[in-house]
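Taken in sequence, the protein lines are chains Y and P.
Under the working numbering, residues 1 to 605 are what the first sequence spells out, in order.
Under the working numbering, residues 606 to 1007 are what the second sequence spells out, in order.
Hints are supplied without guarantee of correctness; some may be wrong.
Claimed, not checked - Chain Y residues, not near chain P, derived (Cβ > 10 Å throughout):
hint : residue
1    : V34
2    : S177
3    : T383
4    : K550
5    : V561
6    : G574
What the hints assert, rightly or not - For lysine to any residue, the following SDA-like pairs were computed, each having C-alpha atoms within a straight-line distance of at most 20 Å:
hint : chain 1 : residue 1 : chain 2 : residue 2
7    : Y       : K283      : Y       : E235
8    : Y       : K555      : P       : L801
9    : Y       : K564      : Y       : G582
10   : P       : K905      : Y       : D551
Keep in mind that the hints were calculated from the coordinates and are not lab data.
Where is the CB? At the ideal position from N, CA and C, for every residue including glycine.
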Amino acid sequence: MQPTNLIRNFCIIAHIDHGKSTLADRMLEVTGAVDKRDMRAQLLDSMELERERGITIKASAVTIWHEVGGQKYELNLIDTPGHVDFNYEVQKALQACEGALLLVDASQGVEAQTVANAYLAVEANLEIVPVINKCDLPHARPEEVAEEVENSIGIQAEDASRVSAKTGMGVKELLDSIVRMVPAPKGDPNASLRCLIFDAAYNEYRGIVVYLRVMEGTIKEGEMIHMLGTDKVYEAIDIGRFTPSMKRTGELGPGEVGYFVSNIKKLSDVRIGDTMTRHKGPKVEMLPGYRPPMHMVYADFFPTNTGDFESLREALETLSLSDSSFSHEAVTSEALGFGFRCGFLGLLHMEIVQERLEREHDIDMIQTAPTVNYRIVLADGSTQEIHSPGQLPTPDKYEKIMEPMARVSIMTPSEHIGNVMQIASDHRGDYIRQEHLSPTRVQLIYDIPLAELIYDFFDKLKSSTRGYGTLNYDISDFKEADLVKLRILVNGKEVDALTSIVHKDQAEFRGRQAIKKMRKEIPRHLFEIALQAAIGARIIARETISALRKDVTAKCYGGDVTRKRKLLEKQKEGKRRMRQIGNVDIPQKAFLAVLGGDDAEGSED
Amino acid sequence: MSSWADATERNPCAACYNSSVQAPEGTPLYVHLPFCAAKCHYCDFYSVPAEGHDRHAMVQAILAEARLRAPLHPSLVFFGGGTPSLLDHDELRVLLDGLDQICGWRSSSLETTAECNPESLDQSKAETLLALGVQRLSIGFQSLDPATLQLFGRVHTVEDSFAAYAAARAAGATNVNIDMIYAVPGQDPEQWQRDLSKVLDLGPDHLSAYNLTFEEETVFRRWLEQGRLQQHSEERELRFFVETRAALAARGLDAYEISNFARTGRECRHNLNYWANGPYVGLGPSAVSKVGVTRSGNIKAIGAYVRGALSGVRPEAWEETPSPLQRLAETWWLGLRTRAGLSAHEARVRAACDADDAAFLNEARALEQQGVLACANDTWTLTPKGLPLADWIAKRFLALAD
Ligand SMILES: Nc1nc2c(ncn2[C@@H]2O[C@H](COP(=O)(O)OP(=O)(O)OP(=O)(O)O)[C@@H](O)[C@H]2O)c(=O)[nH]1
Ligand code: SF4
Ligand SMILES: [Mg+2]
């Protein structure tokens, strides 16, 4: 067992793409944790989707060894995601550490999640080690960036380490400073056992793997372990560290980060943030743990084939083993039958869950447009939360309707301030304040309805700042608003899965936009299709998709078949991600038509 | 009887060239001659203006390719292009005789067609073609309107077309096809009917009437995109389509395919083989072959083709073997274009597909419900409503192959 004074626990936090995973790569390399020949870029991003998209979705922990002054230190590193949707992952990681490397891209400078994640680390009482990365870039501007860090976060950054995660420059020195700057964990190896469960994952071979950080005492194989929150008892069958592969050590002492494997059957037995102690040992106090993840957006999933409802349920349950941060509950739709209403941390999270369901479980499904949760106050003063626009009763049944407000912090180069203010006000934003981070960068704070953020605010912010604007948000409160239900009718029949809730002033415009988009997405049929948008009983817009009467190739001979077939294959409407309502085939994209944005699937990054 | 033995005998180097399989004896043969007097503005066949090209070398190259891979005793032969009639008498003789020496087509071909254009078909050219064993002449009129011919970039006049037709008949041609194009920008449907009627007065055995298509990478497509040309509305194109079929049927030329019309017994057997998804060997630049379940195409570029073929290597550019379900979808698509239609059983056999085709039958029944397919004696055909929707229907079947 490693003495605590030779242990350092830290995580790497930053805005998306500032190089966290790449820095972790270099650390693994410099310390010899991974053989040169096994090395690959962003090694800790092991999920297929992480590799494909080049982003980290889940935090990963790994133990490396580093020598300073003849002493061998155990460094437990946690690489975290940078995307705003996954800051819950960051919060989990922070609890397991005494220090955080705050990485800032030397050319991009401080961005929204740089600040947001830094504050999380400050709140968690971590020692923050600022690091300026990508100093190899020709347009690196480390001095200015250091100034931005000082102005926005209020920590000393003059002497921040300057590294290149790409070339490895400065990485060894950085490891030395981590040993120097990050406090050693406290904790008595002989005290009563208290471990924090900071994550869990499903491993094909080992079943459920619990990620833990020992706070006090020593956890040993063979002991019976009590999970206080869920009140379950499991034997510690296998205890070890991530190196990054799981390496058995038999025990872990205070300050150490590692894994715990038992024959845990249900992931619900394991709660992230829970405290583990020795069964029948002395009573210990529970660790503060985590607040549960906050679902920002909700959407319904329906199987393309109604017969696949049970497979969808199984798929959702299996997926929640490796991603406990989304919720699901069964729902029924008149138009789409049985499905699930799911809650997500954000739009990207939603997209990832949907993609993983399709890929890892080969489920073909339709997803409704994401929505936020509304709060309605009934005549008797009681309140009710609704997660789906279809649930909104007619206006005579409620007193008022309240929507979640987001406190949004936007970072942008100063030259785009005007544009950003314009789109914020277009999205019903209330100006709060602004701060200059440096002569060229500014932070704007707005209160914007969450529904507006997901409608198309992310896309608009990107396009109006040439991609340089970034944002972070938190739910501040609920606010009364003049909201109405926008209904969509297809050939005269209302489709509940297409209903949305919109602000009264925007209803007509958004209704028109929605059916215009639907007209583009719904393929022509052999009969005419009427699309209507309605508020209450009033039809506010109408579009027609004319009947298809002619679609034929004039010339088709032996030399044409391959080329023409490929052309037809390109044009054809796949059977996938399409649902029939009445006798109209409606593709996935049409279901998202009530969202703004060009592709209606946009997400912030 | 397999032709493997013959093939290897004729070509001792059979093992070393890259073509995959030698086509069996009797496989239909297509020969592509890539030269035209000028490039038409709507045309996306592979052809280039003849000017400045060595036609003799092309003939030699095609013969060289034939030695490598022409099927023995093809049952059908088609000289297409391009404009085969552009070759002079000697070139035609060298090519057709040479081919006969290689594969003996004259004794085996049940139908031999040559495509001709008015500017290069006079009576003596027609006589030469017939004397060399061609039985069927196909003449590209395309339009009876001088302004349209000019818009098309055709190098002949309306009079040339009539003269070429007369020459073919005078030379003794008993099976003549005329190619026409309708739904030309600005064309009046009634004028088209009058032109069509004039063409029919000539008494062709066969007529191909194509709705003008703005194919990718053609001058017409560019003009369309630039707004210099306007396509007729869907409704109007449909009117052209329906009226053309009616007018031709009234004059004894029944539609046996979307764009092809013939007197009974004069249907083009070579093309019917394409719609049956049958095998064929194509020689010449860009020519496509289908042998077994594999389709392959030659390189287009004339220089590279000639060099390749003359060096004894098959100048192949691509090859594809569609999946069994793709083949099935293709077979339905192509088969449904014809008046004869096809049965589910025929589709499976032609596609060499023994995968489960229940989904295809279900789709066919669903389409029958929608009034675009009809089924009689197990044979599926397009209904009058379905005919102009043949591609839409094809896409439904292709979606089943995903
Ligand atoms: N030039 C240069 N590029 C770097 C450096 N560090 C990272 N990159 C590149 O920056 C991109 C993002 O790197 P990642 O390590 O995936 O960034 P991340 O912070 O882990 O991103 P998320 O996990 O998605 O938040 C990759 O293309 C890296 O190759 C660096 O020091 N110099
Ligand atoms: S003559 Fe025929 S092959 Fe040649 S360019 Fe014109 S249409 Fe095309
Ligand atoms: Mg990463």
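For each hint, the structure was consulted:
no.	hint	result
1	V34	holds, 40 Å
2	S177	holds, 55 Å
3	T383	holds, 47 Å
4	K550	violated, 4 Å
5	V561	violated, 7 Å
6	G574	violated, 6 Å
7	Y/K283 with Y/E235	holds, 18 Å
8	Y/K555 with P/L801	holds, 19 Å
9	Y/K564 with Y/G582	violated, 32 Å
10	P/K905 with Y/D551	violated, 29 Å
Against the hints set out earlier in the document, violations occur for numbers 4, 5, 6, 9, 10.
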